[in-house]
Amino acid sequence: MSDITHLLAEIVGEEYVSDSEEEAYFYARDPGLMPAHKPDCVVVPETPEQVQEVVRLANREKIPVVPMGAGMALTGLIIPLKGGIVMDMKRMNRILEVNEKARYVIVEGGTSQGHLKAYLEKNYPRLRHSIPDSPATATIAANVMIHGQGRLTQQYGFNSDMVSGLEVVLASGDICKIGSCSISQDWFSKGAPMPDLSGLFLGWFGATGIITKLALRLYPKKKMRDVEIFITDRDDLIPDMVYELTHTEMVEDINIFSQPKPMIFKENHHMAIFITGDTDEELEFKRKTVWRVLEPFIKSKDGGFMGVSPAMKPTLLEMPQRSVSRFADVTKGGGFEYSGPIILVEKYAECARKVTELAEKYDLGYSGMARIIGRGHCMMYGFAFTFNRADPDMMERTRKALHEVSKFALEVGGIFWKPTVNEQRMAIEKMDPNTRNLMGMIKENMDPNGIMNPGNWEVN
Amino acid sequence: MRYEDIVHRCFRCGYCKFTGDYNDFNCPTYRKFRFETYAPGGRMWLIRAWLNDEIKTSDRFQEILFSCATCANCVEHCVFTFSEDLVNIFIAAREELVNGGIIPPPVRDYLKSININGNPYKEPAEERGKWAEGTSIETYNGHDYLFYVGCVGSYDERAKKIARAVGNLLLEAGISIGILAEKESCDGNEVRALGEAGLFKVLAERNIAQFKGLGVKKIITLDPHAFNVFKNDYAGLGGEFEVYHYTQVLAPLIKSKKIPLSEYNARITFHDPCYLGRHNKEYDAPRAILGAIPGVEMVEMEQNRENAFCCGGGGGNFFTDILGGGMDSPNRIRVRGALDTGARIIAVACPQCAKMLEDGIKAEELDDRLEVLDVAEIVTRALA
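First to last, the protein sequences are chains A and B. Counting from 1, position 4 in the first sequence corresponds to residue 4 in the numbering used here; the numbering is continuous, with no gaps. Counting from 1, position 333 in the second sequence corresponds to residue 333 in the numbering used here; the numbering is continuous, with no gaps.
Some hints could be false.
[As the list claims (entries may be wrong)] Within a straight-line C-alpha distance of at most 25 Å, the following computed DSS-like cross-link-like pairs (lysine-lysine) qualify:
{"#": "1", "chain 1": "B", "residue 1": "LYS218", "chain 2": "B", "residue 2": "LYS258"}
{"#": "2", "chain 1": "B", "residue 1": "LYS56", "chain 2": "A", "residue 2": "LYS38"}
{"#": "3", "chain 1": "A", "residue 1": "LYS301", "chain 2": "A", "residue 2": "LYS332"}
{"#": "4", "chain 1": "B", "residue 1": "LYS201", "chain 2": "B", "residue 2": "LYS217"}
{"#": "5", "chain 1": "B", "residue 1": "LYS56", "chain 2": "A", "residue 2": "LYS82"}
{"#": "6", "chain 1": "A", "residue 1": "LYS361", "chain 2": "A", "residue 2": "LYS261"}
Keep in mind the hints are simulated off the structure, nothing from the lab. This one's a predicted model, so the numbers in the text were calculated from it and none came from an experiment.
All chains, full assembly: derive it from the sequences and hints.
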C-alpha cells in the first residue's frame, strides 16, 4: 500500500480502498469506447464526512478525484483521465426523507434509480420519479449531473430540472448546501427565488464538486399506464405529429424509434406514446385524444396505429426498459454506444437519415431513438450503434461513426449530451468566447488545484 | 477456457446484482465487498482481462473468483441470452486456476480433504453413519428410496440433528428409506463449484457406480446441494435417478394428512436455499409444509423466492469462509432481513444454510430474538 492508500484507508476503512490491479483495470474504463486510463486507487465511502476527508486529502496532495455512480453514461465521464482516486459512490445509497405532500425525496449521492423506484412503489404508491432507461443501477446523482432524461421529461423537462436541492463537497473539502436547504430545513427548491447555484454543479460531471445528497421532485403516479404506437414512414412529418401530441398536454412520454430489424420495422418510425390515468375513463379519454390529433395523418395515409401485442406491451411499459441494455448484445458482442445530442425536434428527419447513412457507411447495427424534452422544446436524438467487443475493427468503425455524429450534431445546431472529452473540446471551441471565459473562471475558482475529475470541461 | 467465447458479451449493466424489483443489491459478494469487481459484471470483465493477459493471477483475483457463492442471482436477473451460463463461466474460470494450482489456501485444503478423506471434516468414513444411531433408519438394502445425507448432515453436530429429524419424519410417514452410512461419499457439488472438475468426475462416477450396484432408483436428499448435483450433473455421467429434496416428499404427505400435525404457534419466515430455489425452482414445497401447520404464521422476508438473498454458504464458501466476517457478511445481512419480518423462527431446508444463519444470529447478538430451525424440525415439534 502506498502512503496515500494508507491515509485513505484511515478515512474509509481498509476494506473499502484498493490499489489492486483488479480494481485499477475495471475502474479504468466504462462499457463505451473511450480509451481506458487507470486510477491509482479506488475508494468506496459511506458518508459525506468520508467524502469530505478524501477530497481534503486529495486537494492537499493535488491528486485527482473522480466520482462514479454506475458508470453508465458510456462516454468515459468516469474514466480517471489523469489517474488519481476513483470514488465509487454506491455505498451511499440511503433514502433519507420523502415529503409526500410537497412531492420531493432526499437521497444520498449513490442511490440508484432502481432502489428509489422500488422504495416509492412500496411506501408511496402515489408518487414516482422520472426514471431513465439506463440500467437500474444508474445513480440519481450521476443522472442529474449529466442532465439525464426520463419518463417524465416530456412533461417536466430534463431530470436535472427536477432537482430541488443539493449537498455538495467542494474541492476544498467543504460541504455546501444548494437551494432552499441552505436556509431552511425543507428541500423544495434548488434556487428560486434566490440565485440558482445548482448550475455550478449540474452538467459539470464532478469537475466542480461531488454530490453527496440531493432532493428530487416527485410526481403523481397514476394507477394505470398504457402505450400506443403510431407508425409513419414520413420522417419529415414527425415534428408536426409531436407538436400535435404535446399540444394535448395529455401524454406522459413520447419516444420515437427507428431500427432496421425486424424487417417490418425498417424505414418506419415508431412513436411510442405513453398515457396514464387513475380511471378507465381518464385513460380512455386520453387515448381518444391522442387518436383524434393524429387522425389527419391517418386520413392522408401518412401513418397509422400499430397493434401492440400482449407480448410486446410489458417490454415497452417496464421502467427502466431492460431491452435498452439488450441492444448491446445484438451482435453477440456486448457493446453499444450512442451519441445523443440535444437538438430541435424539427431536425428529426435529418437525424434519422444520418443514423441510417452512417450505419450503412460503417456497416454497423443501429437504432435511432428520440425522446421528446419538454412540450416539444427539443429532443435527445440517440444515434446508437452496437458493436462486438471482441472485434477491434468493428469498434473502430463505431468510433468513426460516432465522431461523424458529433460533427453533424454541431453543424445542424445541436449540442452534445454527456459529451466525451473530445466532444467537450469541440463544444468549447465553438462556444461564445465570453461564455467560455465564464466557464473558465468558474472552474478555476472552484477547483484551483484542478483535482476534480480533471480532463473534463477544461476550458483553459 | 470453457465459455471463453462468451465472456466479452457482458455489458456490465448491473441488472445481475439486483433483485427483480430493484429493491436492493442481491449479489452476496457485491454486498460484502462493494467493489464492482466482486459483482458478476466485474468478474466477467476481469476474467476476460485475465484471459487476455491484462491482469495476473493475484491473490485478489483468486478471492474475487472464489468468493462467488454461485447463488445464481445473476442468472436470474441478467438481461442477456447467455444469462444461464453466468455461474458456469465463473466455475470454468475457477477450473483454470485449479488446473494451474493457483487457488486460495482454504480452497486447496477443502479439495485435499475431499480427495484424501472423502469429506471436508477429515473424519473417518466409519463415523459417517453415526448420526443415525438411536433411530430406526436402516442401511440401504433395496429400499424404495436412498436417503442421501451428505457430508454436512453426516458430520456436523447441528446438521446431524436435522438429518435425524428428516429421517424420522420419513419413517413416520411410512416411506421406505435406507442410508449408505459408512459407504456414503461426498456428492461433489461443492467440488464441482470450486472448479475441481477431475475430482468431481471421480466422485460422481464412484457414487453412480455404487448407486447402480445397489439398485438405487430413487433418491431423497437432505441437502439441496446434493439434490442439485444428482439432478443436474449426474445424468450427463450416466447417473439417471429420480431425485427429490426431502421437502418435495414431505409436502404431499402432509397435505394428505399422512403426517398428522397439531397446533404449533409460531411466526416463521422461510429462507430459500439457492440450490433448491433459484437453481431448481422449488419454492413451494417448504412453504406448503410450513403453511399446513396449524398455528404457524408465515411471513416473507423482503427478498424471497427467486429474489432470496443467499446466506453466503454456497459455492464452497460454507467451507472456505472467503465471504465471512464483518457486518456485511451475507449471513448477517440475511439475519437482519429476517428480524425485520418480526418472525421468531427462520425456517431453512438446508443444513448449510442452518449453520450459516445460526452463525449470523450469534454475530448479530440476536440469540434471544431469533432461532434457526429446519423445516423438518418444525414439523417434528408440531407432530400430533
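Would you check the hint for LYS201/B and LYS217/B, treating anything up to 25 Å between C-alpha atoms as holding?
Given pair LYS201/B, LYS217/B holds - Cα atoms ~20 Å apart, limit 25 Å.
Between LYS301/A and LYS332/A, does the CA-CA distance stay at or below 25 Å?
-> At roughly 38 Å apart (the allowed maximum being 25 Å), LYS332/A and LYS301/A break the hint.
**OP:** Take a quick look at whether LYS361/A and LYS261/A sit within 25 Å of each other, Cα to Cα.
**Re:** 17 Å, holds
Check: Given the hinted pair LYS218/B and LYS258/B, is their alpha-carbon gap at most 25 Å?
Finding: Holds - the C-alpha atoms of LYS258/B and LYS218/B are around 20 Å apart, at most 25 Å.
Next item on the list: For the pair supplied as a hint, LYS56/B and LYS38/A, confirm whether the alpha-carbon distance does not exceed 25 Å.
Entry: 16 Å, holds
Holds or violated: LYS56/B and LYS82/A, Cα atoms, limit 25 Å. 24 Å, holds
Hint compliance for this structure: hint 3 is the single one not met.
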